[in-house]
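Q: So the chains spell out like this:
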Amino acid sequence: MGGRDGRAGQDVLRRAGEASVLILISLAGGPRHGYALIQDIRDLAGVELGPGTLYGALDRLERLGLIESLPADDRRHPYRITAPGAAALRAHLDSLERVSAAGRLRLRLGGI
Amino acid sequence: MDGPRAARLVETVLRCYPARWRLRHGKEAAELAALLIRDGTPAGSIAWSYLAGAARERLTPRPGRRLGTVACALLVAACLLGVSAGLLAPAAPARASSTSQARGRAHCRRGSPEPVPGVIPAMRRPPVIRWEAGHGRSC
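Heads up: the sequence lines are chains A and B, in that order. FYI, this note's numbering numbers position 52 of the first sequence as 52, with every residue one higher than the one before it. This note's numbering runs 112 ahead of the 1-based position in the second sequence.
Treat the hints loosely; a few may be bogus.
Stated by the list, open to error - In silico EDC-like links for lysine to aspartate or glutamate, alpha-carbon gap of 20 Å or less:
1. B:LYS139 / B:GLU123
2. B:LYS139 / A:GLU62
3. B:LYS139 / A:ASP73
4. B:LYS139 / A:GLU68
5. B:LYS139 / A:ASP43
6. B:LYS139 / A:ASP59
7. B:LYS139 / B:ASP151
8. B:LYS139 / B:GLU169
Stated by the list, open to error - Derived Cβ-Cβ restraints for the label pairs, each shown as a range:
9. B:ARG170 / A:VAL99: 32 to 40 Å
10. A:LEU70 / B:TRP160: 26 to 34 Å
11. B:GLY194 / A:ARG14: 15 to 23 Å
12. B:PRO116 / A:GLY29: 34 to 42 Å
13. A:ARG90 / B:ALA119: 27 to 35 Å
14. A:GLU97 / B:ALA167: 28 to 36 Å
15. B:GLU143 / A:GLY110: 33 to 41 Å
16. A:ALA83 / B:PRO116: 40 to 48 Å
17. B:ARG170 / A:ARG15: 17 to 25 Å
To be clear, the hints were calculated from the coordinates, so they are not data collected in a lab. This structure is a prediction, so every number in the text was calculated from the model and none was measured. Here a beta-carbon is modelled for each residue, glycine too, at the ideal position from N, C-alpha and C.
Based on the provided sequences and hints, a complete structural model is requested.
A: Rendered as structure tokens:
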């Protein structure tokens, strides 16, 4: 875990893809299983996540230690965001905010 | 597409995933597909998403697979080294036997002024000490 905690400050989600970021944002609101994640992301961002994309991103995030699987209820596996996952999401959102602010400033300065 | 046909299509596509993945997500993935179809998502689009996911799953290198590649590379390197050592081993004693004893010893005496029998001295040149492989053994 030490290595994972060490990366917490970096933006490990930079190359993770939009689906991974949306899943982490959804899980930041509490543990969810696949179907609930798809519905929440649709409501939250207006993005229709395909089930194949969802499971690929879930596996990747779990391998990175950013989320963890909770004991299954019936057939469904709920997932929960981990502490390194929350730190990575925070770092990524901070980075997006910086880029967003710079973009807005340039648009204003350019008079576009 | 009617329910049973859609379910069959999704199940067929889910078989494209590796067994390890199906063991972990298979039942949940089938149930999720059924729920999405019930909500009005076209079965074809769900099947396509799973098909793309299966392709990604099979093509993405896993840490285990990477380790396997490294182990394979190490094995090949070890084999090559073994073959090289095997080829060089018979040549080394032959080279050693062709070197005269007197000459070998002469090389050991650094800057030895007296002429050594069997060695042609260099004409008006400072003696050159050559540190060759196997030098230490003969001294």
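Q: Determine for every hint whether it applies to the structure shown.
A: These are the hints, each one checked on the structure:
{"no.": "1", "hint": "B:LYS139 / B:GLU123", "in the structure": "holds, 10 Å"}
{"no.": "2", "hint": "B:LYS139 / A:GLU62", "in the structure": "holds, 19 Å"}
{"no.": "3", "hint": "B:LYS139 / A:ASP73", "in the structure": "holds, 12 Å"}
{"no.": "4", "hint": "B:LYS139 / A:GLU68", "in the structure": "holds, 19 Å"}
{"no.": "5", "hint": "B:LYS139 / A:ASP43", "in the structure": "violated, 25 Å"}
{"no.": "6", "hint": "B:LYS139 / A:ASP59", "in the structure": "holds, 16 Å"}
{"no.": "7", "hint": "B:LYS139 / B:ASP151", "in the structure": "holds, 19 Å"}
{"no.": "8", "hint": "B:LYS139 / B:GLU169", "in the structure": "holds, 17 Å"}
{"no.": "9", "hint": "B:ARG170 / A:VAL99: 32 to 40 Å", "in the structure": "holds, 34 Å"}
{"no.": "10", "hint": "A:LEU70 / B:TRP160: 26 to 34 Å", "in the structure": "holds, 29 Å"}
{"no.": "11", "hint": "B:GLY194 / A:ARG14: 15 to 23 Å", "in the structure": "violated, 44 Å"}
{"no.": "12", "hint": "B:PRO116 / A:GLY29: 34 to 42 Å", "in the structure": "holds, 36 Å"}
{"no.": "13", "hint": "A:ARG90 / B:ALA119: 27 to 35 Å", "in the structure": "violated, 41 Å"}
{"no.": "14", "hint": "A:GLU97 / B:ALA167: 28 to 36 Å", "in the structure": "holds, 35 Å"}
{"no.": "15", "hint": "B:GLU143 / A:GLY110: 33 to 41 Å", "in the structure": "violated, 51 Å"}
{"no.": "16", "hint": "A:ALA83 / B:PRO116: 40 to 48 Å", "in the structure": "holds, 45 Å"}
{"no.": "17", "hint": "B:ARG170 / A:ARG15: 17 to 25 Å", "in the structure": "holds, 21 Å"}
Hint compliance for this structure: hints 5, 11, 13, 15 are not met, and every other hint is.
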